Amino acid sequence: MRNSSRSSTIRVLTALLIVVSADVSSAHRRDEYLQAARLGIEPDRVQIEVDLTPGIAVAGQVLAEVDGDANRSISSDETRAYAERVLSAIALDVDGVPVPLTLVDSFVPATDAVLEGEGTIRIRAVARIPLLADGSHHLRFRNAFRPDLGVYLANTLMPVGDRVTIRAQERDVDQRELLVDYNLRGDPATRLRQGLTVGFTGAIVLVANVWWRRRPREDV
Amino acid sequence: MRSRHRIASIAAVGLLAAIAATGFAQRTAPANSQAGVTVRIVDAAQKVLASLDEAGRAKVQFPFDGPQKARWSNLPSPMFQRTGLRLADVTPSQRTTIMNLLSTALSRDGYRKVLDIMRGDEVLRTQSAGAGRGGGRAGGGGPAFGENEYYLAFVGTPSVTAPWMLQFGGHHLAINLTLAGSQATMAPSLPAAQPASYTLEGRTVRPLGNENDKAFALVNALDAGQRGQAVLNYRVADLVLGPGQDGRTIQPEGIRASSLSTTQQQRLIDLVREWAGITNDAFAEPRLAEIKANLPNTYFAWSGPTTNGSVAYFRVQGPTLVIEYAPQGNVDHIHTIYRDPTNDYGAKFIAK
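Chains Z and Y supply the protein sequences, listed in that same order. Per this note's numbering, the first sequence starts with residue 1, numbered consecutively. Per this note's numbering, the second sequence starts with residue 1, numbered consecutively.
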């Protein structure tokens, strides 16, 4: 009963807003759910931003999924729960190994803005990547959230610094899947530390070798 | 409220000092040089301030380092809550002063484009009202748009030396012109259009018609191999770096301009001019020179059919430039964005 009344309310509200906003929104995507993802690839992690904007004709439906207790107010728990749901439909792997996503932050705008088809739900997540060797790597991002409504954008941000270089990107026609070939260069400080360690070890071996050859020997 | 009055008082004092400085600068700078145009823009801005009462000045004036700089959108009010001086709230004489400021700050084509976008929005409002949907009406719960729903703001005090920003926008338009001494940038700005074609006084108006036609001409001037590089194999449904995406730069895609012939490169520059040339010629020319210098590292990407009249997205991206053109599902509703990843809001000028 409660669910039925909630759906009716949302249907009426949505219908009203469709009429009021018809012309402004007429050429906007009305019955689609825009999901724009941006990936920031770093040596040890991938930062993921997903902006979700439901069109006016599906906004009520989306809002009903966010507003778990149907009180027309979105709590931080509801926001977090919805964000986790979105993230659970997103898969990320690096060199074929799945990498879990951790929610960092999420935001749901005022319900009126969402119902008007102009509110954007924002989700920020991070995927920690295990230590990777220098050289070529392959990242695969796939967004399978609400494929019945979804219209997708997926882009790689320009890497910050010079350790990560994007070599190639490929997408499917709907941008639900993004494949990125990238190159990872070692951290100069780490390389210096490694160089010093090798040099120091070499020096010890050399000194030990010289000492061994020159050590006083007992005549046989 | 008290703080708004304090800002207005400070602005009034700043205005007097700026008028004195402008007067001096007027006597020394050649009229069409960057410095000379800056003087004329500041003079026109001061005339706007002088035409307003204290309440009006409090509405239009914002501190330079505050959040107003990044408060712009393509959306109508109140989907996006604008602040500033609303055209609907000014007298005809004040409106003339404001439009004179815009015509001074922009090129002839740029000013025409702004007027065409605003008139287009008025056509949209009239059509909505005619259909009995109450569109474009403020205060009635629905979205407010139309040619009176544009806002002017000065972010910082208009000055020939100190940085400040002229912000003008409403539904489908955001002009953010940052001036710093004799330098100026219009990044980021958002010219858009709905309807993309309308009739006014017997004349067909296409606010972004040149952008559309020049892009289709360029993509059709590519040979099969070049087109294979330029045309993306996926759908792009919207702007990637639209409002709210300040500070982000995506990995470029498409064909590199260094792979284009001289004629094709010239077509690309002509296309870019449609955005970079909105601002006064004195600022547009050095900006275009910078874009030309970076042309070898500039990319042109296309998504969609290549027959003019089709729904197609394109992007021009270089070290100091991002332009996106994104039809919103049909050819009668276009969003575009113009950015300089190194100098949005004049960051490069101010850092000097």
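Treat the hints with care, as some may be off.
Take a look, some chain Z residues computed to stay more than 10 Å from chain Y by CB distance [as the list claims (entries may be wrong)]:
1. GLU65
2. GLU84
3. PHE145
4. GLN169
5. ARG171
Here are some of the chain Y residues that sit facing chain Z, going by a computed Cβ distance under 7 Å [unchecked claim]:
6. LEU75
7. TYR234
8. ALA237
9. VAL240
10. THR249
11. GLN251
12. ARG256
Calculated directly from the structure, the hints in this document are not laboratory data. Since the structure is predicted, the reported quantities are computational estimates derived from the model, not experimental observations. For each residue, glycine too, the CB sits at the ideal point set by N, CA and C.
Hint by hint, here is what the structure shows:
The claim that GLU65 of chain Z lies off the interface holds: its Cβ sits roughly 21 Å from the closest Cβ of chain Y, which is beyond the 10 Å cut-off. Distance to chain Y confirms GLU84 of chain Z as a non-interface residue, since its nearest Cβ pair spans about 23 Å, more than 10 Å. Non-interface status of PHE145 of chain Z relative to chain Y is upheld: no Cβ of that chain comes within 10 Å, the nearest being about 15 Å off. The claim that GLN169 of chain Z is not at the interface with chain Y is violated, since a C-beta of that chain comes within 10 Å of its own (minimum 6 Å).
With a minimum CB-CB distance of about 4 Å to chain Y, ARG171 of chain Z fails to clear the 10 Å threshold, and the non-interface call is violated. Taken as an interface hint, LEU75 of chain Y checks out: its beta carbon lies about 6 Å from the nearest beta carbon of chain Z, inside 7 Å. The interface hint given for TYR234 of chain Y holds, since its Cβ lies 4 Å from the closest Cβ of chain Z, which is under the 7 Å cut-off. With a cut of 7 Å, the hint placing ALA237 of chain Y at the interface with chain Z holds, because the nearest CB-to-CB distance is about 5 Å.
Annotation: interface hint on VAL240 of chain Y holds; nearest CB of chain Z at approximately 6 Å, less than 7 Å. Taken as an interface hint, THR249 of chain Y checks out: its beta carbon lies about 4 Å from the nearest beta carbon of chain Z, inside 7 Å. Interface hint at GLN251 of chain Y: satisfied, since its Cβ lies 5 Å from the closest Cβ of chain Z, which is below the 7 Å cut-off. Checking ARG256 of chain Y against chain Z: minimum C-beta separation of about 14 Å lies over 7 Å; hint violated.
Hints 4, 5 and 12 from the list above are not met by this structure, while the remaining hints are.
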